[in-house]
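Asker: Let the sequences and hints guide you as you build the complete structure.
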Amino acid sequence: MARPAGMEGIENSNSNTGLDKMLKDQYLSKGLADVRPDFTVLMSTVPFVGGSEKAGSELVWPVVTSREHGFTALGQLGASVDLRGATKARTAQAKVVSYPFMGRTQIDNVSISRAKQGPQAFVNALEYKISNLQDSFVILNEQELLYGQAGLGKVAAGNSLKVAANEAGLATATAAATVEPAVNQWVQITLDEGEFADHVWIGCEDMELENGATGVKLRVNSYDIDTRVLVCVALAASGEEPETSGALAAGDLLVRRGFSGKVGPGLQTLFSQTSGPLLNIEQSTNPLWRVAQYDANGVLSFEKVAESVAKAVGRGLAEKLTLHVHPRVFASMMPDFNTIKTGASNFKSRIFTTSSEVKKLEHGVYGITFIVGSVEVVLVANPFIKVGHAFGVADGELMRCGSSDITYKIPGEEDEKYFHRLPDIAGLELRVFSDQALFSVTLNKHLHISGITVPPPA
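Using the working numbering, read the sequence shown as starting at 1 and increasing by one per residue.
One should not assume that every hint holds.
Keeping only pairs whose Cα atoms sit at most 25 Å apart, straight-line, the calculated PhoX-like set for lysine-lysine is [as the list claims (entries may be wrong)]:
id	residue 1	residue 2
1	21	417
2	54	320
3	54	95
No lab work stands behind these hints: they were computed from the structure.
All values reported here derive from a predicted model rather than from experimental measurement.
Answerer: Below you can see the structure in the form of structure tokens.
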């Protein structure tokens with residue numbers, strides 16, 4: 001029997017080679033593996049620069065931590081002057097470790113059978129599965145590049161926890177600041193608003209978590225975005241995992257299960273830490289190895305943004321800054337924006353220095369662009385940003401380094417083998433891999449705003 005068009009030369013249905021070839025031809029060769037959702041800003045806009053050939057290896061980057069000072073004033077023409085000795089700038093070696101992640105999805109035999117009928121059948125049967133795996137993996141990488149070592153969220157202060165034998169029992173359970181859930185008990189957690197980011201938790205059903213303090217393991221059953229409430233089931237430790245001590249408390253950080261101690265510092269850690277060693281460089285004695293800090297202490301306004309940007313300018317920021325804020329923070333700044341835009345405030349005379357710069361106060365699709373001194377600031381509503389924080393990224397000063405951006409070529413596997421047959425599973429498995437870390441050699445040019453609050457909903 002003749003093969004369907006486009007299937008010539010592809011092995012029989014007992015082999016995965018045909019599927020591997022179609023994944024390459026219909027997906028990878030078209031560059032679809034490089035497509036990133038627009039809202040994953042770091043994965044979409046921060047360049048991957050490589051730097052390592054081996055996953056999980058240590059990368060060493062030279063960092064300048066002071067200016068050059070070997071200068072001599074020569075005086076009047078013809079004067080004999082001894083040149084001052086060279087005073088070289090201080091440098092240090094930043095050590096960046098990339099952390100590999102792997103994602104897996106299973107494809108049932110019925111879908112596989114349909115996919116083997118030809119290239120278009122492959123697209124029709126598997127595109128949704130491949131796209132969802134890739135989008136989910138990009139989102140995971142975005143989350144960890146942002147919040148590695150800082151936690152995806154935090155248990156709210158006060159009596160923010162409930163535990164019960166079943167889900168229905170949570171309705172009448174007494175709220176407490178500390179609970180000790182037994183395996184298979186149900187746990188209700190209210191997340192802290194300041195450490196809450198919408199796109200960290202959207203679609204989190206069935207995600208497994210643990211708290212950084214005691215290793216309590218949880219599986220998310222449901223989630224309410226309006227109340228920031230997670231309903232979870234307590235899980236037992238497995239394999240080489242340490243047993244839990246049983247305590248879950250207000251203020252505990254929540255991370256993905258198995259990720260504690262296995263991820264590098266994300267943007268929040270890189271931007272908020274101001275003392276002690278960071279990537280092998282001591283911050284207390286190297287002021288250029290610290291991000292400018294600003295405490296909003298309440299609702300964020302354009303005046304506070306201008307003040308915070310001025311601090312970054314004083315530390316070396318000179319051109320463009322993209323300021324990422326939570327969408328609700330962005331919305332809370334709109335009345336202030338409209339007031340300035342209509343000229344009902346004298347604030348613009350303190351932000352802008354020329355009439356042409358006044359015209360630069362623009363509200364576009366990407367965000368709000370305005371000028372602070374000589375620095376162009378783009379204010380962006382980013383659903384991955386936590387409510388209480390804003391991160392100002394200096395243009396071109398961040399990179400993703402490591403051995404591999406997102407790829408379907410798994411290290412150690414034979415070339416162009418993407419689909420894997422597993423024992424005891426009626427189907428195939430598709431895997432995706434990355435190994436990278438976030439880094440900047442010029443931390444002094446960035447900005448971190450903390451202490452942001454939003455008005456309660458009207």
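Asker: Next, verify each hint and record whether it holds.
Answerer: Consistency of the hints with the structure:
Pair hint residue 21 plus residue 417 holds up; C-alpha atoms about 9 Å apart against a cutoff of 25 Å. Restraint check for residue 54 and residue 320: not satisfied, since their Cα atoms lie roughly 34 Å apart, outside the 25 Å limit. Restraint check for residue 54 and residue 95: the C-alpha separation of about 15 Å stays at or below 25 Å, so the hint holds.
Hint violations for this structure: number 2 only, all remaining hints satisfied.
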